[in-house]
Amino acid sequence: MQNNCIYLDNNATTKVDPEVIEVMLPYLTDYYGNPSSMHTFGGQVGKAVRTAREQLAAILGADESEIVYTSCGTEGDNAAIRAALLAQPEKRHIVTTQVEHPAVLNVCKQLETQGYSVTYLSVNNQGQLDLDELEASLTGNTALVTIMYANNETGTIFPIEQIGLRVKEYGAIFHVDAVQAVGKIPLNMKTSTVDMLTLSGHKLHGPKGIGALYIRRGVRFRPFMIGGHQERGRRAGTENVPGIIALGKAAELELLHLEEAIARERKLRDRLEQTLLAKIPDCVVNGDVTQRLPNTTNIGFKYIEGEAILLLLNKYGICASSGSACTSGSLEPSHVLRAMGLPYTTLHGSIRFSLCRYTTEAEIDRVIEVMPSIVERLRALSPFKNDDAGWLQGQEQALAHR
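Numbered per full-length UniProt numbering, the sequence shown finishes at 402, counting up by one with no gaps.
Rather than coming from a laboratory, the hints here were simulated on the basis of the structure. Predicted, not measured: the structure shown is a model, and the values here were computed from it. Backbone N, C-alpha and C define an ideal beta-carbon position, used for all residues, glycine too. Check before you lean on any hint, since a few could be wrong.
[Unchecked claim] In silico BS3-like pairs for lysine-lysine, Cα to Cα no more than 25 Å straight-line: (1) 15 x 315; (2) 267 x 15; (3) 91 x 109; (4) 315 x 279; (5) 208 x 15.
[Claimed, not checked] Simulated restraints on C-beta separations: (6) 376 x 89: 56 to 62 Å; (7) 131 x 382: 38 to 44 Å; (8) 281 x 28: 51 to 57 Å.
All chains, full assembly: derive it from the sequences and hints.
Right, dumping it as structure tokens:
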């Protein structure tokens, strides 16, 4: 299965680059010293960590002193949100969106039980924000605005710099979950309005268990992890040296291939998308088709269930997704697609294909080959073949009142 797998679920996780594994392995075996130790054996490890930090800073257009290592994107989001609130205890308002990752949404929901007020900005049917709604939500009591750079399900890219300019007018801290953006589109924190930014290694061909938080120099930060002096006192705990080395190399390789990868992935994505739309009736692209990640397409196949599509794709060794891997255990429709107001007939039959620089033309051709028959087979079994079905209308009304 591994050798024959066609992997189009790269927004969930990515294959670790062989060069990343190569540079990481010695720090699991020979160079096992603690980077904080005073002796030469540990010092050489500390030097390698500093090099990796510089490599990671380069892909962000940041200074290495602005990088704090974390265990994952979820920790980075939690740390940023809580640090922003601790730094401004007099402010009790947060602004986010209805389509954030659970690592942001669930923290905000918990904070509501602790006396904070949260504004959840809506999105239109393309998954885009209304900047006037954002403007209207901001007050002098707003401590934090936390908005993702690019949506993990649809690939829709938000106008982060325009948002940041408005946030600054109200003196709030601006945090961006860029887990899906780093390594896929160019970033430059030196010219950005972003105060804090989250990333995760396993989304850019690094290993799981390592991530980072960018904190702009001068931004007040109260640590989430308390203990030793590591990360300049901003995140205690002995460093995950193999992961840090791996993340540095992964960032270096992503930056090296970025321009070529963007063009190549976009071309393959568009070919997959356009051919499926031409060959299969009653399907539609979900999200903003002009402002989105080059590797992502989310297609709604009407009148059938996404889970059934995935099971049949799996029989062909094709890996895709019906939404976020962090919510795939739920039977509820995607909260992102629901927020976009998609009709029930499309909502349940939406599939995300997410590519990477390892994706080949032959793999795309294979998906194009099998998808029409999969959809035809499932629609032949479906009793719901028009938008006017009373049952479908009832389901849409039930969803609207949740």
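* Hints that the structure is at odds with (numbers, increasing) -> none
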